[in-house]
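Oh and the sequence shown: position 725 is 725 in the UniProt record's numbering, straight run, nothing missing.
Derived from the structure by calculation, the hints contain no laboratory data.
In silico lysine-lysine, DSS-like type, Cα no more than 25 Å apart, as pairs:
{"id": "1", "residue 1": "Lys-327", "residue 2": "Lys-339"}
{"id": "2", "residue 1": "Lys-444", "residue 2": "Lys-559"}
{"id": "3", "residue 1": "Lys-897", "residue 2": "Lys-1093"}
{"id": "4", "residue 1": "Lys-196", "residue 2": "Lys-318"}
{"id": "5", "residue 1": "Lys-328", "residue 2": "Lys-157"}
{"id": "6", "residue 1": "Lys-318", "residue 2": "Lys-92"}
{"id": "7", "residue 1": "Lys-291", "residue 2": "Lys-327"}
{"id": "8", "residue 1": "Lys-1048", "residue 2": "Lys-196"}
{"id": "9", "residue 1": "Lys-539", "residue 2": "Lys-462"}
{"id": "10", "residue 1": "Lys-945", "residue 2": "Lys-582"}
{"id": "11", "residue 1": "Lys-443", "residue 2": "Lys-823"}
{"id": "12", "residue 1": "Lys-507", "residue 2": "Lys-327"}
{"id": "13", "residue 1": "Lys-566", "residue 2": "Lys-583"}
{"id": "14", "residue 1": "Lys-81", "residue 2": "Lys-92"}
{"id": "15", "residue 1": "Lys-919", "residue 2": "Lys-1035"}
{"id": "16", "residue 1": "Lys-339", "residue 2": "Lys-510"}
{"id": "17", "residue 1": "Lys-92", "residue 2": "Lys-331"}
{"id": "18", "residue 1": "Lys-631", "residue 2": "Lys-1035"}
{"id": "19", "residue 1": "Lys-556", "residue 2": "Lys-443"}
{"id": "20", "residue 1": "Lys-556", "residue 2": "Lys-444"}
{"id": "21", "residue 1": "Lys-331", "residue 2": "Lys-157"}
{"id": "22", "residue 1": "Lys-919", "residue 2": "Lys-897"}
{"id": "23", "residue 1": "Lys-443", "residue 2": "Lys-456"}
{"id": "24", "residue 1": "Lys-254", "residue 2": "Lys-444"}
{"id": "25", "residue 1": "Lys-456", "residue 2": "Lys-408"}
{"id": "26", "residue 1": "Lys-875", "residue 2": "Lys-800"}
{"id": "27", "residue 1": "Lys-157", "residue 2": "Lys-327"}
{"id": "28", "residue 1": "Lys-275", "residue 2": "Lys-583"}
{"id": "29", "residue 1": "Lys-571", "residue 2": "Lys-556"}
{"id": "30", "residue 1": "Lys-157", "residue 2": "Lys-318"}
{"id": "31", "residue 1": "Lys-157", "residue 2": "Lys-945"}
{"id": "32", "residue 1": "Lys-444", "residue 2": "Lys-408"}
{"id": "33", "residue 1": "Lys-113", "residue 2": "Lys-327"}
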Amino acid sequence: MISTLSKRLSGALIRRTTPSPQLSALSSASRLRFQRIHSSSQQKALAAEAAASASVSPAFNPFTAPLISRPQQYTRTMPSKSPYARDYGDFKLVQSLDLTYAPVTVSKWRSEKTGLTVTLGNHSSPLTRGYFVIASEIFDDTGRPHTLEHLVFMGSKSYPYKGVLDHLANRAGSNGTNAWTANDHTAYTITTAGTKGFLNMLPVYVDHILHPTMTDASFVTEIHHINGEGEDAGVVYSEMQGRENTSYDQMALKHQRALYPETSAYRSETGGLLKMLRILTAQQIRDYHGKYYQPYNLNLHIDGAVNVDELFDVLNSKVEPMILEQKKNQKEIIPSDWKRPFVETSTAEPVKLPESKTQVAEFMETDESMGEVMSVWLGPQPNDYTTKTALGVLGSYLTYSATAPLRKEFVEIPEPLASSISVFPDSKVNQCELWMYAGDVPKKHLMDMAELVRSKMQKIVKEEGIDMQRMVMILARERRSLLNEMELGTSNILMETTITDFLYGDKDGKDMPAAFEELTTFDELSKWTADQWAALLDKYYASAPSITTIGKPSAKMAKEIEETEKERVSKQREDLGESGLKKAQAELEAAKEESDRPIPPEVLTSFPVVDPKDLTWVPVETALNPAPGDKISADNAKVQQYIDADGAPLPYQVYFSSVASNFVTINVLFDAARLPSHLMPYMGLFQGTLFQSDVKRADGTTMSHEEVVNAINELTVDQHSSFSFRRAFQENLCVSIKVEAERYGEAVAWLRDVLAGAVFTKERLEVIVAKRLQSLPGQKRDGQLVAASYANKLAFDPAKSPSEAKGLLTQLHFLPQLAEQLKTEPEAVINAMNELRAALLDPTAMRVSVFGNIPNLPKPRSTLRENFLPIAEGKPLHALSTSAQTLTPLGENPSRKMSLVSMAAIEGSYSCHYALGPKGWDHPDLAALILATSVLNTMESYLWKSIRGSGLAYGADVQVDPEAGQVEFTVYRSPNACIAFREAGKVLRSLASGETELDTNIVDGSRASLIYSYAGKSETVAAAASTAYVDQALKEVGKDHSQRMLAKLPSITDDDVRRVINQYFVPLFDPATSIGAVSTNAGKADEVEQGFKELGYDVSREELPELSNEDEYSGSESGSDSGSESGSSDGEPMEDVRSP
1 MISTLSKRLS GALIRRTTPS PQLSALSSAS RLRFQRIHSS SQQKALAAEA
51 AASASVSPAF NPFTAPLISR PQQYTRTMPS KSPYARDYGD FKLVQSLDLT
101 YAPVTVSKWR SEKTGLTVTL GNHSSPLTRG YFVIASEIFD DTGRPHTLEH
151 LVFMGSKSYP YKGVLDHLAN RAGSNGTNAW TANDHTAYTI TTAGTKGFLN
201 MLPVYVDHIL HPTMTDASFV TEIHHINGEG EDAGVVYSEM QGRENTSYDQ
251 MALKHQRALY PETSAYRSET GGLLKMLRIL TAQQIRDYHG KYYQPYNLNL
301 HIDGAVNVDE LFDVLNSKVE PMILEQKKNQ KEIIPSDWKR PFVETSTAEP
351 VKLPESKTQV AEFMETDESM GEVMSVWLGP QPNDYTTKTA LGVLGSYLTY
401 SATAPLRKEF VEIPEPLASS ISVFPDSKVN QCELWMYAGD VPKKHLMDMA
451 ELVRSKMQKI VKEEGIDMQR MVMILARERR SLLNEMELGT SNILMETTIT
501 DFLYGDKDGK DMPAAFEELT TFDELSKWTA DQWAALLDKY YASAPSITTI
551 GKPSAKMAKE IEETEKERVS KQREDLGESG LKKAQAELEA AKEESDRPIP
601 PEVLTSFPVV DPKDLTWVPV ETALNPAPGD KISADNAKVQ QYIDADGAPL
651 PYQVYFSSVA SNFVTINVLF DAARLPSHLM PYMGLFQGTL FQSDVKRADG
701 TTMSHEEVVN AINELTVDQH SSFSFRRAFQ ENLCVSIKVE AERYGEAVAW
751 LRDVLAGAVF TKERLEVIVA KRLQSLPGQK RDGQLVAASY ANKLAFDPAK
801 SPSEAKGLLT QLHFLPQLAE QLKTEPEAVI NAMNELRAAL LDPTAMRVSV
851 FGNIPNLPKP RSTLRENFLP IAEGKPLHAL STSAQTLTPL GENPSRKMSL
901 VSMAAIEGSY SCHYALGPKG WDHPDLAALI LATSVLNTME SYLWKSIRGS
951 GLAYGADVQV DPEAGQVEFT VYRSPNACIA FREAGKVLRS LASGETELDT
1001 NIVDGSRASL IYSYAGKSET VAAAASTAYV DQALKEVGKD HSQRMLAKLP
1051 SITDDDVRRV INQYFVPLFD PATSIGAVST NAGKADEVEQ GFKELGYDVS
1101 REELPELSNE DEYSGSESGS DSGSESGSSD GEPMEDVRSP
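Produce the entire structure from the sequences given, and follow the hints as far as they go.
Given below as C-alpha cells:
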C-alpha cells in the first residue's frame, strides 16, 4: 500500500488553484498531493516529499474507536464481518475487508444494471469525502480529459446552470467541489461536514459527471476563445499557457514520448498542448464524453462515518433511476464490445527498454546555472505488491534522511551535486515506472548526474552492500508511519489504494486484499537478507536500462518563445482584421451572457442547508502546568487532576491536550521575535541544523550528526521545525517530535539535547549553507513566491521579523556572505549561532505542549522534569509576539507603493496586495469578515465569476490575517494582474455600495460552507489536539472557539457583510490605503507597470538580487531539503492564519 498515486498526481491538473477561506483543514503537504502543481516550488516540494517518505499518505482518525494495538506480527486483512457486507438492490457486493491495523471496513459493490462501481471506506470521522473517478484514456494531445473535467462543472441536464453544483455543495456543508486530471484518470471530489449533505449532493454530482450540458458557450468561456484584442484565452488555455514550458511539463512530456509508443495513452499530454487547444472543438469533447463517461467506467469512492443503508437508498432510488432514464432508448447499457481503458486496450501492451537513453528537455530560464535530472526504469507489475512495497522501502533506504546513501553522496556535501534526490515507484497498467529525480543540479553536472547515481547504486551492489541496521530502521519507521497516518485521517490512503485498484486491479476485487496488506508485507520483508535487497537494487536499477531526461534551462528558449508568441498573435490579429476581432469579442460576450444566466432561486432554496448541530466533534480534554502569572486556564477535569498528582509543578508553561492516540507529540514554541536584530538572519541556518548536527548529550556523550540522524529516525514517527504553529504566530519557532507513547521519555530527552546540545562545526555548517544556497536560484523562478516576497518586504521588517529575515530576499543577500564568512571566519559564524541559541532558550519566551493520550502516559509531568531543560526558577512568560509587532512604517500605514519584478521564467503574472484589517482573534468584526471572505471567494461567486470566469486570471481571492492586522488580495497566474486587480476593485466597490445586491443564496451557502471549514480544523485527533492548544493557550479565545464562531454566523446580516467589505476589503483597491507587488513576464512588464501607475500607485521596478557566482549553486524549486529531518512532515492539518 506504499502510495504511488501522489507521485502520478504531481502532473495532475486541478480545477481550483487558489486556497479558499474554507481550505484551512488541509495541510500544505496534503494540498500538494491533490492539486495541479501550480508553481515550480510546489513541483519540487512534492518531489522532496516523495524523497522524505516513501510510505503512505495521511490517514485514519479513530477518535471514537478503540486504540490500535501493535503486535510484532500482523494477521492478513480479513473478509469483513460487518452486517453491511451484503448486496443492496441492484448493487452486488464484490469485496469487503476489515483492516486488521485500524477500525476500517473497505467494501466494493457493482451495479448489475448499469455497471456503476461503489467503494466505501467506513470509519469514524466528522467529514465525509467523495472521489468520483473516471478512467480517462486519450491517445492524442487535444487535452479532452482535462477540458471535459472543466465542462462538467458548467451544468447538467437536470441542473443546466453554471455554478449550481458549487452553490448546492456549499449548502450541503462543503467548500465547493473540485477535480483533477492525471495521466490515467479524472477524479471529481467533494467533502462535507457530516453525511446528510453528502447524500443530498450525490445524485446532483453524478448527474453533472454523466450528463453535463457541454454547450458551445461554455466551451468558449471555459476552454478557448480569441478575444477582441486578438489574444487566445479561456480558463483552460490560460492554465496550460502557464505550464507548457515549465521544467516539469517539458521533462514529463519528453519522457512519455521516449518510453511509450503512439499506441499508448501514457504518451499523451492529457492537459492539452496549446497548439491543439487552439483547434479543439466542443463536439470533439462531447464525443470523448460519450465514449468514456459511462457508469460502467465510473467508480464512486466514499469514506467517512456513512450509514450504509442510507447510502444505498440514495443510490437505488435516485442515482440508478436517473442513469437508466437517460439510457432508456439504448438496447444495451453496457456494450458487449466495451474495452476497459488501459487494461484491455493497446495501452496494455508491455513496453520494452532494450538500452539506456539520454535526452534533453529545455525550459525557459535566463539563469542557466542549474537544472534537473530524471531517470526512469521499468519495474514489476502493479499487482506484485510485495516487490512494489520492497521497492518503495528501498527508495526510502536510498534517499530518506541525511544518512541515506544517495543523500550522503550527492546532497550532504560541501559542494552538492543536487539539493534533493528521490527514488520511488509509480504504477502503470503492466509495469511500474521507477523514478529517480535529482533537483537543482549544477550545470556542469547535468549530463553526468544520472550516470553518477547509477555508479553509486552499482557500488552498493558490488562493494558496499546493504546496511541491514539501516534497513531494519527504515522498515520499523515505515510501520510506525503507516499506523500514525491511519490515525491522522484515513481518506487519502483509502482513496489512493481504491483508485489504483479501480484503474488496474482485478475487476472482481481479487486484488484488493493484497493492496491493503502492507504491514504483513513489512513482516515478510523484515526476513530478507542483505543479498536479497542488493539483488533487488541490481535487478531494477543498477543493471537495468533507463531513460534519463535532463531538464536544461535556456535563456535562448525564453526569448524565442516570447518573440514567436508575439509574432503569432500579431499575425492572428492581422488575419482576423478589425471586423474579425469585433466578431470574436461579440461571440465571447454572447457566450458569457449565456453561461452566466442566473440560477432560479428555487433551485437553491429547495436544497437543504446543513445544520452545525449535526456535527460530531473530536473529544479533547486539556490540562495546564502554568508558568508564574499565567492567565490562561485549562479544563480542570480528570486530565488536570492526573497532571496535578504527578509530582511538583514545573517552573515553565506546559499545556496538555489529551486525545485518543497511540502517539505522543512534544512541541516547544520559541518566541524568536525577541532575538537581537543582528541574529535574525541566522534563524534559517539555525533551523537547518536542528536534528542534523553533532550533539553533546546531557550525559556528556558526543555523537556525530550521522549518529544523531540515525538515532532520531529509529525513535520517531516525525520530527520537524517551522516558523509558525498551524500557520499562526509566524514569528515563533516551533520544534516538534512525535513518537510512540511508550517512548515519551526518550523523545523529551532528545528534544532537550537537540536544542541545547547541538555542536556547531565549520564542516557541517558549510554543508547546510551550501544546500540553502542551491535552493535560491530556483526559488527566484517562482512568480507567486517572488510577488509575495516583495509585498512582504514592503510590509514586514526583517530586523524585527525572523520569518522575514529567513525569507527569499534577505537570504539572497545573506547566504552568499555567510558562505564566504565560513571560509574566512568560521568561528565568528559559530559564535553567532551559539549566541542565537542562548538567546532563544529563554524560559520566559518558551512554551511547551504535549499532545496524546495523557492518562496513558505514566509520568507526563515528572518525565519533563527529569528529561527536559534544567530550568530551576520560574519566571512570568512574556506575551507572545505577533506579526503585527514586526510591521514596517509602510506596513502600519500602507499607501501607494507597488513593486514590480520582471521575470523571464514565467509566462503570466502574479500579484499580492495588503491593506489594514482587524487585529486580534477576538476582534468583534472578525466573524462577519470571515463570512464576507467566504462570500467573495467561494466558487462561482463574485470574484470567481468576475476574474476567472472572464479569463482575467486563473485565480484571485481575498484573505484575512488577524495576527498581522491585515487583509490581502492575491492574483494567481494572470495575463495581466493589473487588469484582474482593477476588475476585482470594481466588484467589491459595487457590493459595498449596494449597487450590486448580495445574493442571499450565496450568503447562506457561505455560512454552511464555513461549517465544513471549522469541522475540518479538528478533523483528526492530531488536529483537534493542536486546535485546542492554539485557541485556548496561544490565541486565548477558548477551546470551544470554533463552536462559538459557528453560533455567531446566523446572526450576521447582509448589511454586516457589506459593511466589512467596505471597511476592510475596498481599501485594498485604493492606492491611498494599500501596497503591493507584482511579478510578470518580461514582455508584459511595461504594460503592467503603466496600468498600476494609471490607478495611482508609485511603481518601482525591482530586480532580483544576483548571487555572487550562480554557477556554484543550483536551484531548488521548493526551498526545502528533501527528506529533511527538520522539515514539516507531520501530516497534521495546518491552520491558515488568514482563514477561520
